[in-house]
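Those protein sequences? They're chains Y and C, same order as listed.
With my numbering applied, the first sequence covers 1 to 416.
With my numbering applied, the second sequence covers 1 to 416.
Please note that the accuracy of each hint is not assured.
[Said to hold, decoys possible] Non-contacting residues of chain Y with respect to chain C, defined by C-beta distances greater than 12 Å in every case (computed): (1) Arg-64; (2) Asp-295; (3) Ser-305; (4) Leu-391.
[Stated by the list, open to error] Output of the computed footprint for chain C on chain Y, the stretches with three or more beta carbons under 8 Å from beta carbons of chain C: (5) 44 to 54; (6) 82 to 90.
[Unchecked claim] Pulled a few chain Y residues facing chain C out of the computed Cβ check, cut under 10 Å: (7) Asn-15; (8) Ala-16; (9) Glu-17; (10) Ala-23; (11) Glu-65; (12) Gly-73; (13) Gln-76; (14) Ile-78; (15) Ser-94; (16) Ile-145.
Worth flagging that the hints you see were computed from the coordinates, not collected in a lab.
Every residue, glycine too, gets a C-beta built ideally from N, C-alpha and C.
Number of protein chains: 2
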Amino acid sequence: MAIIVQKFGGSSVANAERIFRVAKRVGETYDAGNQVVVVVSAMGDTTDDLIALASQITSNPSAREMDMLLSTGEQQSISLLAMALMEMGYSVASLTGWQAGYHTDGVYSRSRIQYIEPSRVLREIGHGNIVVVAGFQGISQDGDITTLGRGGSDTSAVAMAIALKADVCEIFTDVDGVYTADPRIVKSAWKMPEISYDEMLEMAAMGAVVLQPRSVELAKQYNLTLHVRSSFNYNEGTIVKEVATMNKDMEKEMVVCGVAHDTNVVKASIFGVPDIPGAASEIFNKLARSGINVDMIVQSGTRDSKQDMSFTAVRSDRKKIEAVLSDVVENMPAESYALDDTVAKVSVVGAGMISRPGVAAKVFQVLSKNNINILLISTSEIKISCIVDELETKKAVRALHTAFELDADTLVNVEA
Amino acid sequence: MAIIVQKFGGSSVANAERIFRVAKRVGETYDAGNQVVVVVSAMGDTTDDLIALASQITSNPSAREMDMLLSTGEQQSISLLAMALMEMGYSVASLTGWQAGYHTDGVYSRSRIQYIEPSRVLREIGHGNIVVVAGFQGISQDGDITTLGRGGSDTSAVAMAIALKADVCEIFTDVDGVYTADPRIVKSAWKMPEISYDEMLEMAAMGAVVLQPRSVELAKQYNLTLHVRSSFNYNEGTIVKEVATMNKDMEKEMVVCGVAHDTNVVKASIFGVPDIPGAASEIFNKLARSGINVDMIVQSGTRDSKQDMSFTAVRSDRKKIEAVLSDVVENMPAESYALDDTVAKVSVVGAGMISRPGVAAKVFQVLSKNNINILLISTSEIKISCIVDELETKKAVRALHTAFELDADTLVNVEA
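Same shape as in the complex, but just chain Y (with noise of 0.2 Å):
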C-alpha cells in the first residue's frame, strides 16, 4: 500500500460544500488502497478573521499569543473535515500540530520544522483511518504553539511525506498545474508535465505561486516527489522532481521552460549611500529588521565616492520601506530615495539555460525589440529577472514566450 500526503489549501475547504468535495477526493484516494494522510489550512477568511479580532485587543500582538490565536484556525478545518469524512462512512483521526508530531524552532509566527515524530500518525494509519493533520503549526520544546508562518501548510505537507516516507505528496491546487506562462495572459501558455526542483523554486519566487519555496526546497533536499494538481478536476498536474529522473528529451529541448511574472512588486532605491564598508550591510539589515522580504538587490557604480542601490521588495512593505530608507537618509546620512510601485517582474526560468549561454542576452534583446524598458537585471543561474513597467507586464510574458519557443503550437512533440 502506498502511503499519499494530499495538501488542500483554505480556499479548497472554505465552506460545508467544499469541505464534502475535498472529503469525495480523500475518499477516493484511500478506496483506491492508499493509505492518506491529509494536511489542511484554516477555513477560507479564518485567519483574516482572527487577524480582526486581534486587531480590537491590541495594534501590536504578542507573537506566542497570535499563534495561540491563529492555530485554531486549522483546528477547526481538520474537524470538520474529519467529520465530513466519517458522514461519507471512513475512519478518520484529525490531529492537531503537536500530535501529529511537528517539533519546531520555538520562533513564533515562523517556525521552521526540526523534524516530525509521527508515531502517532503512525498508530492511526495502522488502525486504517485516514488521518487530517492541521497544517500550519508545530510545537516547540517548550511546549509552546508555534506557527510555521507564510507557505506554512504547504511545507507541513511535505515534510509530513518525507517523515512517512510517503510515495507522493499531492498539493492541491485552484490550477491544474504549473504552466510555461499564465494561461490569462498568454494564450498558447501550456501545463507542464514535469518540472525540476530547481525551476520550480524559481517559478515559484517569480510569482508563478503554485507551492510555496519553502516546501520546494524541502521537497528537494529529500528528493520527495510533488504532484501539483486541481482539487476540481482529476487532470494529471504537474510533477515536481530530481532533474535527473526528468524526460531526457524534454530537459534537452528546453532551455526555458517558463515564463513567470510578478506584478506584486515595489521598486526602492536609494541615492548617494557613502561608499564606505558596511553601508550596504547596514541599510539591508535594517530592512530586515523591520520584516521586509528584500528580494533583486542591484548596486551600480560608485560616483564621487558615493553609490546607489536598488532593490525591490512586495507593494505591502511599501510603508515599513519608506520608514527604514527616509532614516537611512537623515542617519547615515545618504542624499535620497524614491519608491516606484508601478512595475512588475518578468522572469525566464529553465534549467537548461545553465549550459546554453546566450539566454540572458536573448532576454534583453527580446525585451528591448517590444520597446519595452528594463530597469532592473537579476540572475542566478537557472533564471533571469527584469523588472519593467508594470503596463508592459503582458507585451513583455508574451513576447519571451513566443521568443523561447514555449508557443504551445511549437511544443506539440514535447507535450505528447
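Following the hints, complete the assembly by docking chain C onto the known chain Y.
Chain C alone, transformed into the frame defined by chain Y:
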C-alpha cells in the same frame, strides 16, 4: 504571596470591551501582590457558532471531533485576554488545557479531570507571569483533546485552585453572589455572606445557577473556599465553605437558607408499567443512553400489577424523552405516557433542616394555604423540592421565603 484562581465565563469575555474589563480586574488582583491564574470560557456565542458550523457537515458529529472543534473556542479567548493584559503592561502566558496540565479520563464531550500536572503553570507563575488558562478542556492519556461538558469551566477553575493549593477560587458571575431567592421575584431576598458546600449544591441543582454543582462537589472534597462574586462591582460576594467554619449563630438561626426555583423543567409520566423486577431499571437505562439527565423520580404504588412513574428533566430533552417513552410503551409494553412542560420546580434548601423535623410539613402547608397544587415531591437531607404549575412559581417562592423567615427585614441581626 497568595495564589488566587479567578474564573470568568463566556459572557464576561464576549467582546473586546469586556475582555479589557476582565483584564483590568485580573490586573488589579495581581497588583495587590497576588499570584493570579485566570480560567476563561469561550467568548459569548463562539461555542454555539461552532456547533452550527458542525451541523452544516453532519447531524451526528463524532464526539472526538466535536471536542477538537469546540476546544478552539477557549483557545481563542485565552489568547485575546492575554493580549489585553499585555496591552495593559502585564507579563502573561496563555495556556491551553493540555499545556496547563489537565489530564482527563478521555471521555469525549463530558470528561472528568483525573489529575492536574501543574508544572508549566507553576513555572509561569515563578516567572512572575499572570497565567491565563483555557477552561472546559483537557487531554486524555492517548493525547486527545477532550472537553469537560456542561459546567466544565467552573470545574477547571476549582481543580486548578486545588492543584495549586490556591487560597481562594473566585468565580465571577453577573450576579453579586448567592441570594436567599431570586431577587427579581422576591424583593426582600438578600445575599448570603456565607453558604455551606451542601447548601450551595442544592441551590445550584435547584436552578439558582451561579455555580455548577460539579465544581462545588470538587471544592467540597478538597475543602477549597469559593468566592462567588460579581464581575461588575467590587462588593463581597458569597463565600462557599465548610459548615464547621461558618458563623455559628447563622447556622443555628437558619433552618432554611434559601428558596430556589427552576422553570426549565419538563415532567414526564409513564403509566401502566408492568410491576416486574427490572422494569424501572430498563426505562431509566434507556433514558440515560439517550443522554437524558433525569432529575426527580417518583414511583407511585402498584395497582393491578401495574405501576405509574413520573420524573423530571430539562425541557430541551423533551423530544428525546418522547422517543424513549413511546418506544417503552410499544415494546415493554406499558399503557401510555404523558409529558408536561408547563411546570416548575420550587425548592427550599438548608443544612439546618437535618436536625429540625417538620420542615417538609411546613412547605406543604404553606403551598396548600396558597392554593398551589403539588404535582411531585422530592426530598434530600437538606432540601425539599416540589413540582408545581409554572404559573404559580412566583407565588410559591414568595410564600416560602416569607414563611421560613428569610425576608430581609426579619433577618437584620443575622445579616449584620
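Quick rundown of the hints versus the structure:
1. At roughly 8 Å, the least C-beta separation between Arg-64 of chain Y and chain C is not larger than 12 Å, which violates its mark as non-interface.
2. The beta carbon of Asp-295 of chain Y is kept farther than 12 Å from every beta carbon of chain C, the shortest such distance being approximately 32 Å.
3. The Cβ of Ser-305 of chain Y sits about 47 Å from the closest Cβ of chain C, beyond the 12 Å cut-off, so the non-interface label holds.
4. No Cβ of chain C approaches the Cβ of Leu-391 of chain Y within 12 Å, the least distance being about 43 Å, so the stated non-interface status holds.
5. For the segment 44 to 54 of chain Y, the stated coverage by chain C holds: 3 residues have a C-beta nearer than 8 Å to a C-beta of that chain, and at least 3 were required.
6. Closer than 8 Å: that is the beta-carbon criterion, and the segment 82 to 90 of chain Y has 5 residues meeting it against chain C, so the requirement of 3 holds.
7. At its closest, the beta carbon of Asn-15 of chain Y sits 8 Å from a beta carbon of chain C; the interface hint therefore holds under the 10 Å criterion.
8. The beta carbon of Ala-16 of chain Y comes within 4 Å of a beta carbon in chain C, closer than 10 Å, and the hint placing it at the interface holds.
9. At a threshold of 10 Å, the smallest CB-CB gap from Glu-17 of chain Y to chain C is about 9 Å, leaving the interface hint in force.
10. With its C-beta approaching chain C no nearer than about 9 Å, Ala-23 of chain Y sits inside the 10 Å limit, and its interface hint holds.
11. Interface hint at Glu-65 of chain Y: satisfied, since its Cβ lies 4 Å from the closest Cβ of chain C, which is below the 10 Å cut-off.
12. Here the hint on Gly-73 of chain Y is kept, as its CB sits about 8 Å from the closest CB of chain C, short of 10 Å.
13. At a threshold of 10 Å, the smallest CB-CB gap from Gln-76 of chain Y to chain C is about 5 Å, leaving the interface hint in force.
14. At about 7 Å, the closest approach between the beta carbon of Ile-78 of chain Y and any beta carbon in chain C falls short of 10 Å, and the interface hint on this residue holds.
15. Restraint check, Ser-94 of chain Y versus chain C: the minimum CB separation of about 5 Å is within 10 Å; hint holds.
16. Of the supplied interface hints, the one on Ile-145 of chain Y holds, with its beta-carbon coming within about 8 Å of a beta-carbon of chain C, less than 10 Å.
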